[in-house]
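Could you build the full structure based on these sequences and the hints that come with them?
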Amino acid sequence: MTVTTRALDTADWAASFTEANNTDPEIQAHGKYLTCSYLLDMTDHTFVIQMSRGNVVDIAIDPGPLDVPYQFALRASAETWRNFGVPVPAPMYHGIWAASFQRDMKLEGDILVLMQNLRCITRQIELLRTVGVPV
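Add 3 to the 1-based position in the sequence shown for the numbering used here, that's all there is to it.
Hints should not be assumed to be uniformly reliable.
Across the chosen pairs, the derived CB separations fall in these ranges [as the list claims (entries may be wrong)]:
{"id": "1", "residue 1": "32", "residue 2": "118", "range": "13 to 23 Å"}
{"id": "2", "residue 1": "33", "residue 2": "67", "range": "25 to 35 Å"}
{"id": "3", "residue 1": "22", "residue 2": "98", "range": "16 to 26 Å"}
{"id": "4", "residue 1": "105", "residue 2": "35", "range": "15 to 25 Å"}
{"id": "5", "residue 1": "133", "residue 2": "103", "range": "19 to 29 Å"}
{"id": "6", "residue 1": "36", "residue 2": "100", "range": "33 to 43 Å"}
{"id": "7", "residue 1": "90", "residue 2": "15", "range": "10 to 20 Å"}
It is worth saying that the hints were derived from the structure and are not from the lab.
All C-beta atoms, glycine included, are put in the ideal place defined by N, C-alpha and C.
Set out below in structure tokens:
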């Protein structure tokens with residue numbers, strides 16, 4: 004299934020994602036210890052999300068390979084991310100585990116950091132259903 008969505012401007016997306024995260028009651032309740040940086044690789048664009056105590060403090064847009072450090076990466080095709088960014092995702096696009104087992108998503112880096120913050124990262128991926136994706 005191919006989903007047709009309008010790609011957002013990357014700067015607009017970063018601002019929308021930051022606001023959605025920083026005002027989300029669930030992340031604010033569970034994210035007290037969510038302090039890390041992680042990469043979202045959407046093929047067409049990459050983003051390093053820098054988190055501090057549950058808040059997005061910066062999003063580096065299309066950084067070079069050595070510009071911004073991160074602990075782990077979520078990598079998938081633009082099509083996979085577009086399917087994540089719809090209000091009701093199709094099966095196997097509803098979460099990172101389903102997409103990593105049945106689609107082309109790859110989890111790389113320090114997976115311990117991902118697992119320690121899994122509920123908040125999962126919630127951030129769910130926020131893509133409301134803010135969309137920039138690819």
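Quiz item: Are residue 105 and residue 35 spaced within 15 to 25 Å by their CB atoms?
Solution: 33 Å, violated
Quiz item: Falls inside 13 to 23 Å, the C-beta gap from residue 32 to residue 118?
Solution: 19 Å, holds
Practice problem: Just tell me: holds or violated, for the beta carbon distance of residue 90 and residue 15 against 10 to 20 Å? | Solution: 19 Å, holds
Quiz item: Taking the CB of residue 133 and the CB of residue 103, does the distance hold inside 19 to 29 Å?
Solution: 23 Å, holds
Self-check item: Range agreement (Cβ of residue 67 with Cβ of residue 33, hint 25 to 35 Å)
Solution: For residue 33 and residue 67 the Cβ distance comes to about 32 Å; the hint holds.
Self-check item: Status of the given 33 to 43 Å range, CB of residue 100 versus CB of residue 36
Solution: With a Cβ separation near 21 Å, residue 36 and residue 100 fall outside 33 to 43 Å, so the hint is violated.
Quiz item: Range hint 16 to 26 Å: satisfied by the CB atoms of residue 22 and residue 98?
Solution: 23 Å, holds
The structure fails to meet hints 4, 6 from the earlier list, while all remaining hints are met.
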